[in-house]
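Given the structure of chain H, go ahead and fit chain Y onto it with the hints provided.
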Amino acid sequence: MSRKRFIFHAELCIACHACEVACKTWRNPENGIKYRRIESEESGRFPDVCVQYRTVGCLHCEKPLCMKACPVNAIKKINSGSVIVNEEKCIGCRKCLNACPWNIPCFGKNGKMRKCDMCEKIIPEAMKYPCVKACPTGAFQIVIDDDL
Amino acid sequence: MELKKIKKGLTRDEAESIAYSMNEQVKASYCPMCGPNANCRNYVFIKDGKIVRTAGMREAEANRGALCAKGLAAAEWQNSCDRLTTPLLRMGKRGEGKFKKISWNEALDIIADKLKTQKEKYGPESLAILSPALRDYKEISLRFLAVHGSPNHAHSGICALQNLFSFFYTIGGAPVADVANTDLVIYWGKQPAYSGPSGAPARNLTEAYKRRARIVTVKPSVEPDVAMSNMWIPIRPGTDAALALSMLHVIIKENLLDHDFIEKWCNGFEELKEHVKKYTPAWGEYITGIKEEQIIHFARLYATTPKACIECGNGLEHSSNASAAVRAIASMMAVTGHLDRKGCNLLGNPRGPEPKNIMRFDLYTEEFVDKLVASEMPKAFMPFIEGTSSAYFKTIESILTKKPYEIKTLIAPGTQPLLSTRNPKLVKKALEEVEFFVTIDVMRMAEMPYADIVLPVATGFEMEHPFVMEKNRVIPRPACVKPLGDYKTIFHFFLELAERLGYGADFWHGNFDEFENYRLSEFGIKIDELRNHSEGIEIKTEVGNIKYEKYEKIFSTPNFVRSKPLFLPQKKVALYNTLFESEGYDALPVYRESDESLTGDKELLKRYPLLLSDYHTSKAYSASWLRNVPSLRELMPEPTVEIHPEAAKIRGINTGDTVKIESPHGWIVVKAEVTERIRPDTVMVLHGWWMGCRELGKDDLHICDGGGNVNNLYGTSRQVYDPLVTAMSSQTLVEVSRYE
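Those protein sequence lines, which keep their order, are chains H and Y. Position one of the first sequence corresponds to residue 187 (our numbering), numbered consecutively onward. Position one of the second sequence corresponds to residue 155 (our numbering), numbered consecutively onward.
Calculated from the structure, these hints are not laboratory results. Watch out, some of these pointers could steer you wrong.
Simulated restraints, written as ranges between beta carbons of each label pair [stated by the list, open to error]:
#, chain 1, residue 1, chain 2, residue 2, range
1, Y, K201, H, N272, 47 to 57 angstroms
2, Y, S891, H, S266, 48 to 58 angstroms
3, H, I193, Y, E260, 58 to 68 angstroms
4, Y, I539, H, D332, 29 to 39 angstroms
5, Y, R365, H, E228, 24 to 34 angstroms
6, Y, D740, H, E228, 34 to 44 angstroms
7, H, E228, Y, K161, 26 to 36 angstroms
8, H, E228, Y, T458, 49 to 59 angstroms
9, H, S266, Y, T165, 17 to 27 angstroms
10, Y, G277, H, R240, 56 to 66 angstroms
11, Y, R365, H, R240, 51 to 61 angstroms
12, H, K249, Y, K364, 29 to 39 angstroms
13, H, N272, Y, S891, 49 to 59 angstroms
Built from N, CA and C at the ideal position, the CB exists for glycine as well.
Isolated chain H, as found in the complex:
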């Protein structure tokens, strides 16, 4: 069972992109790669138009489709709740990208899949979740169940 999960209150998102840039500057993926981004979706016609903003990153699904699609078992769902990638094993076939409904997996210069790992690679506790810590409105949060 998952110990931690992201929650997102879309109605409080002001599309300031702080989560996106915090992840970028704290996790340092190469230029062109992002583990998190802000997207918007509009519906209706002017002037009755409605716009929804959302932060988009790996959802760390309970049953990850990317994991199922990976031919070399490089993707794993671990006890903490995170879905992680073993870069050693990854062969860069991009089948995970085809399987993911949210278009999350990124591929850097070395061709390996990279994405949000819920800061599993980060050792200092205080350094984790820069995305959540930057959100000014509390729209984007992480819930951690400490009891398990």
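Quick look at chain Y alone, frame taken from chain H:
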């Protein structure tokens, strides 16, 4: 099961534990990424003498741990390959970009010699300093000018002062929206989500939303604050005065008034009542493009909600009707009884302790004011709260027209005249012709090739900067890292230049510590003591509770103009303004039609059928800065025009197409974004596109035709100016077409 919630930002302990485990250093600092002092504080992490990343400081009053996209990208900005490294002296022709390295001493000597000679030959007023956005060096720059003898602080004409001027002369002060206690907040030409996302503006918006207060937004396109609002008033850019005047018509006609307040505290209600009869909601719809029913509904909603407030933004100031808009809005606040009451617009509440003011209001004599090359407000109303100011564009124009006289030296500290003001073609000519031109910045800038001297200044991260106030605390701003080049701070520039010009007695003999001690003298502390308190020193003062309905005091606010002791001579709200009338300006707010509008020149409209305006700020950039910061450039890689599907379809334009936008004054090339978020008759672009981003392989763009600089599209005829406050219109008519 115990749920742990993650809080915003970092505490000092958390920051120190990170630094320890990463083998880094951490320092408390102050975020320099947007112009107006937002007062956000941060922790910066340093490895091998370089800043590697930043985080929001939870202990900070303004941002309470949050930090926006710009603040989080500060390390990339600080370490950018575009940083200037040394003072430069021009060797080639203007515009060629050939320089040689010189020392700071040489540079300051050259500037001082030039200013001395020019002061003798042409008078001190031949010097103009172009003003950046509200920055912390504004006061020292104004003091320098005042002591030198020039009133020509060239202010942009579109930022804060325009609104404040009309408010002060109508209701005696700046009305602060009491968003925290309101049932209805109106964001009018304001962007609370992007101008201060980590501070109070966005916090107030989301708190109001959570409280289920009603939110109304008045602007031409849907931005995040509109997405949160109950009602969107999709106004045609530049027509806010017409909306406010037709709302006043409804409010007065339907008698939704606070008669007691009007009786006791308003001057000229009968005249106003008569005046707004012609501004019917049907007329309002014709001008603003907002449905008549919506104007009526909006007017009723505001007038009949007892706790209602209005947040007026810079959007109101980008129009040739800026003063009429603000005067009409201020009048509306007054006649509906929404002034200085809980949940409404508050006036004149006590501020926290302030350092000793370094402005020299004592030097602003009538003779001094009379020397203004292009007075921003009429000379009869100078000085205003920021001293004397000349209109930015007109100041530059004087170099070419030589009227009323020629500016001989331009100093541009942290401002880019080719991007920041209208008509870059004319600005370019003026920069080629001006006798002496100095640019000062941390980063390479568009005007550099034209400068005689380029001065590189330090960021707040690499040299100590003057202390700041955070409510009751004095916060020091020590350096965190070693400077990347041969820098001084902008403060040292003014202090040391003043000393060379013989103004040492007024400038602490060029000594930064003495300058700081002077500012601190109000609190009885010394800079050496403050430096030992990285968390700041608390000033014990009695700040009284908020009091309401202080009309007697507010409407008697003393003026800075010697011949006019009060802003409101009747000690009442100036619905009918006798001061303006006596100087030949409109006694009541009047809407003036401009040729370049959808209801203006019909012939022009045939060739250019769409109304264009621009955004002043964005989630990624501050004005024309920060385009070179990779993490920010990735958010908004290219200049883009927002265009409605109807307008796009008949022009065969799809999202992502490269399009040409042509106005009667010039053309630019941008990408199209087809969206329902904008009025079908309006297109919007972002201001300030020029700089490339080398890390992402993006080249610099042209500044004039063919680039992305929206100022190339606007006119500069007399008609674009507000007659009272010299605000410049950000509207013109355009045609948009596919560009192959």
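Verification of the hints:
1. Y/K201 to H/N272: 47 to 57 angstroms: At 28 angstroms between Cβs, range violated.
2. Y/S891 to H/S266: 48 to 58 angstroms: holds (54 angstroms)
3. H/I193 to Y/E260: 58 to 68 angstroms: The hint (58 to 68 angstroms, Cβ to Cβ) holds, given that H/I193 and Y/E260 are roughly 60 angstroms apart.
4. Y/I539 to H/D332: 29 to 39 angstroms: violated (53 angstroms)
5. Y/R365 to H/E228: 24 to 34 angstroms: Given a distance of about 26 angstroms, which is inside 24 to 34 angstroms, the answer is holds.
6. Y/D740 to H/E228: 34 to 44 angstroms: Given about 41 angstroms between the Cβ atoms, the range holds.
7. H/E228 to Y/K161: 26 to 36 angstroms: Cβ of H/E228 to Cβ of Y/K161: about 32 angstroms, so the range 26 to 36 angstroms holds.
8. H/E228 to Y/T458: 49 to 59 angstroms: Given range 49 to 59 angstroms: violated, Cβ gap about 32 angstroms.
9. H/S266 to Y/T165: 17 to 27 angstroms: Between H/S266 and Y/T165, where Cβ atoms are some 24 angstroms apart, the hint holds.
10. Y/G277 to H/R240: 56 to 66 angstroms: At roughly 60 angstroms between Cβ atoms, H/R240 and Y/G277 fall inside 56 to 66 angstroms, so the hint holds.
11. Y/R365 to H/R240: 51 to 61 angstroms: violated (23 angstroms)
12. H/K249 to Y/K364: 29 to 39 angstroms: Holds: the Cβ-Cβ distance is about 34 angstroms, inside 29 to 39 angstroms.
13. H/N272 to Y/S891: 49 to 59 angstroms: Given range 49 to 59 angstroms: holds, Cβ gap about 52 angstroms.
The structure shown violates the earlier hints numbered 1, 4, 8, 11.
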